[in-house]
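Asker: Chain residues, written in single-letter form:
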Amino acid sequence: MPVRKSLSGAADEAVSEAVSEAVSEAVVRSVRKTVLGRLHGHAAVPELVGLEGPVAAVAALLRQTVAGGEGNSALVLGPRGSGKSAVVGRALEMLEAQHGGETAAAAAYHVVRLSGFVHTTDRAALRDIARQLLITQDLENVLVGSFADAFTYILGLLRAPSAEAALPPVVFVLDEFDLLAQHPKQSLLYTLFDIAQSQQTPIAVVGLTARIDVMDLLEKRVKSRFSHRQIHVHPPPTLEAFVQIARSALCVDAAAAAVPAAFARRFNARVDEILAAAPVARHIEAIFDLAKDVRQLLRLFVPAVAALRPDDPLLAPARVQASVARDAAPAKAQVLASISLLELCLVIAMRSLVQGGSSRYNFEMVYNEYKTFMSRHMVAVSAGGAMKIYKKPVALKAFETLVELEIVRPALPASTAAEGAAGGGTHGRNDMLAGTVAGARVPKEYRMVQLMLEPGQVADLVAARVDIPTIVRRWAQ
Amino acid sequence: MALSSRQSKLASRLSKAARQPPAAKRQRSGNGSDSDSEPATVEWGQRLDGTSGDRADSPAPPRLQRRVTRGSGMTNKELYRSVVVGGTEYWLGQAVRVRSPGETPYFAIVFKLWENELGVRQVVARWLLRHSEMLPSRRATPLEGPADPAEVFYSNADDLVTPDMILGPLTVVSHAAYLANHRHDAAAAAAATQQRQRTDPSVYFCRRFFNENTAMVGDLDWEALYGSEQMLDPVADAALFKAPPKKAPLGRKAATAAARARAAPRKPTAAPAAAAAPATPRGKRQRADTSEDEPSDGDAEYNSGGSDDEEKPASRTPARARRAASVRAPRTPATASKRRVRLRDIQPAAVSTAVLKRASRASGAGAPSAAGQSIYEAARSRLHVSAVPNALPCREDEFAEIYGHLYSAVEERTSMCMYISGVPGTGKTATVHEVIRALQESAEEGEVPVFQYIELNGMKMTEPAQAYSQLWQAISGDKATPKHAAQLLERHFGTPSPRRHTYVVLVDELDLLVTKSQSIMYNFFDWPHRPHAKLVVVAIANTMDLPERMLHHKVSSRLGLARINFQPYSHQQLMAIVQSRLEGCAAFDPDAIELCARKISAVSGDARRALDVCRRAVEVVEAEWLRAPKRATGKKQPQQQQQQQPLVTMMVIDRAIKEMYASGHIAFIQSASRQQKVFLVALRAAVRKAGVPEVSLGDVAFIHRQLCQMHDLALPSHDQIAKICAQLGASRCILAESSILDVHQQVRLAVAEDDITVALRPDPLFSKIATS
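Chains as they are written, first to last, in full-length UniProt numbering: chain S, 1 to 477; chain V, 1 to 772.
Please note that a few of the clues may not be correct.
Have a look at the derived ranges for each label pair, beta carbon to beta carbon [unchecked claim]:
no. : chain 1 : residue 1 : chain 2 : residue 2 : range
1   : S       : Ala43     : V       : Gln706    : 28 to 38 Å
2   : S       : Gln477    : V       : Ala662    : 19 to 29 Å
3   : S       : Pro184    : V       : Lys479    : 53 to 63 Å
4   : V       : Ala602    : S       : Glu93     : 55 to 65 Å
5   : V       : Lys479    : S       : Ala241    : 53 to 63 Å
6   : V       : Ala690    : S       : His40     : 36 to 46 Å
7   : S       : Ala124    : V       : Lys479    : 16 to 26 Å
Rather than coming from a laboratory, the hints here were simulated on the basis of the structure. Ideal Cβ positions, reconstructed from N, Cα and C, are used throughout, including at glycine.
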């Protein structure tokens, strides 16, 4: 027992209990593993708060396919992080409890998972379907022909060895359905829906997507074959439900895991304590107000859970608070807090250009603005002597720093703006520095740029700084 | 000896011919007039009417003409008794070898010789089939005994070839003569088959015929037939193939009689059962009992099939008669009227058996699921899109029209193209499948020739050119690359061959086969116009004016005029469809079906939608029923429970439709976080202020922060607003440019402004914001 002394004061009264129970390394490791898995979304959360309706709907649909042998299709819609995958995962668990066998081969049905991010072409999807259905035969020959033929061939191979038996049902879970719908011709979806609505193998197609306009992406023939069944998953409606999500993810279940009951009780009490503490509760409410982002909420607790040790087996409030503070801090302000005075002056100069009506400008214009302001005010403040007009090369260097920080970005001509946006802003900082932006051979002093800040943000930025002369502060007002 | 030396010469010529590309061959056969450039010179022998070989303007007597597939210019054909090819004279009725694209020549009887008005010399060749040429799929009865390589079958399959394709004479004797005079040949051949060597015997024998129409094999007396006038006489010819000396009941009349006989006993057995079920004293209880429900289900299906039996021929016969009249007008009146009469009395029997078969199949398929299920489950399985209905209600006219076209094409072994259009879910493919099913049943009865049905789907192909590969694979069973398959198909449809069924090819989703050059569609519609192709192409697409809008004129011209458009279903039709499926299953309030039909027909007229809505409605009611507290005792007393089972009402249908068609925007906005709502309101305000639909994120952020300050909300930073924007953009509630553009990205609403108003109205905070 070498390590008890490091326990925090809050846990002092529990020390005797802890010693008597001897929280072993294995217990802590298992707790850490399960809870981290839940926080990262690869382990199932014991309770899906407020999602009973969608789970029941999906489960009923799958049951009809597996038990009733009818083809079905449905879409599960909901914003990111609202629990779509969890809903389908839970429904599949329920299905497995009813119809599953000990091994994958013995199960009365098969599950195939596809994702629009992974299966970027229909062919890749087909290959993976075959792989997931444990089919290894002469696939190369099959893939030469039509998509549907290969598909029916693969499904045909699922037939039990006793030839005449019906084909086993297959459940298709299509993650990022909207990306699959963007494949040319939508052969995959056409084939899947066509099988689901015809008499062949009973299959259930469950698509998951965050896009509420996904129906418009479907080709009219594909759309006609889709059953139009939509299951909406909504984020939690109340703050209590939102907090409950965090609680159910963090708490350990004494019954299920191999965790001593007393330890589980203490662990869960600590979780409640942390969730109720002022800074954490306030931040959770802010997250709830802002976007109801469950992932952001769960991420807060990752450092604390990851730090669980046998000598410190409960969540540390300090760690949670630290990650709350990190999460609350605005990223851009942190970057801007460290720029030099000259750079700040250039930013202010750009802001006054914007206010003067020009939406894009080059270094020469900015420097000119800077120079006029300074020369106007140098006389007045010459006694102070702290300010001086920097030479142009120096200012250019500072300007380039701003470009590197992407506070300033090259302004695209209106025609290529959309294209640049679509390509994820292909004309980036490096193009700007290397001079390869469209219109190429322009010297860098004359390349048009834009400030990535709103006038209000510039004012905030200046207000947050303490070490700047009054005239600059006044200029920024 | 002379024969064998001739054979070697033939072989060398043959190999030369085989090396030539098919296109060149066609061209050569096209202009038979400059035949002196050919290696084998072609000259006419004696004319059939006894005059000399000179051209005479008097038309040949029509009674001597057999029915030909392409009838134009028929009267100007000059018929001849013999033809001289390369110095050898061939007479009518003589057995010859015919050039084939492969290594072994085809065998045929010279059946007719003529020169048409364009001066093209043609030979009607009647094929003699070898064992290897009789594809197993075409043979109804298995042949006894081992295949003798020296045996040929006398078929009634005719084809047009050109005289220069005749390679030489062929010796065909009767089986008895063969055994007597060519025993050593026979022994050698038997040895060859044992050693699995393929040697072509010099002498062949014929003892059996093969009827292409019925795929029947029967015995014949070659000695009496060969060289006799009987061979060339159309009446005797028809009699020969119609009434096989052995296995009598497979003539046409016998077949229909058998069909009737088969149909007849079914009716009485089924009908009493239908009558008996409601007449039982404890009828109610038994109806409630699910195991008793099953036969009555079957009866209902049978009855619907039965009523069809009366209706269908009535609706179909006029159309068919019209077509029959128009198609067969040029024929001699005697045969035409005879044929029409026969068609008419065959039709009802054929349809009734078809319907009966389908009904029995449907009830058979329904049987396992019918046992021990509630009315909801029964209704659900019947409403499933995949359930094959007994008949397709409301598509009788289209069925009759397609059936008429295909029936005449298959029966007369001609080619045709057909174009079917209609929006998704109007039963195009289902109707064609029904037609094919009915035709296949007719073919099984021996009423029409056996044909091969091939289905291609543009949507299921990885690329348009795959259509060639798939078609070739279906025809020959071999795989080929699209390019090679195209060549093979070209040769297949361009040259005469004894191994040829009628092919009925369904090209679904035709618009996806459109390529830049449109060569695939061109070929598909051009092959049916080749003289030797027995190819029926049925093309299906969604747009009515696809041929005019997307296709080159040369393609749409070949497509022809056989076009059928499937109108979207009207609400009466949708009602009839749903009702026909729900017959005998009282899960629906009639008003509910009507509401569903009206709602769907107003939107799309898509039958799949109507069925899906009804199925969903059944699920809703079922779920409610299961949730009801009396569920606990429900399983033990099904008959009582069933009385209380609620029906699908208009309210439920309305809910189901809303569920399926709701955009989800309002629910999405209502479940969004507070700041997201504020963002949407700010975006709406910014758009209104700017007067253009797109505004930059900076402007929205400014208004957003103003709103927050005014209404005492937590002030979000610009980063947070950008995050909100990205989240809403991911859900496509708004459309935003890449977030790398930060405050300069353009943002626009993707939901209606009214949706925002409606969604936020219940929220007191936002009603305040909206008014400010």
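Asker: Which hint numbers doesn't this structure obey?
Answerer: 1, 2, 3, 4
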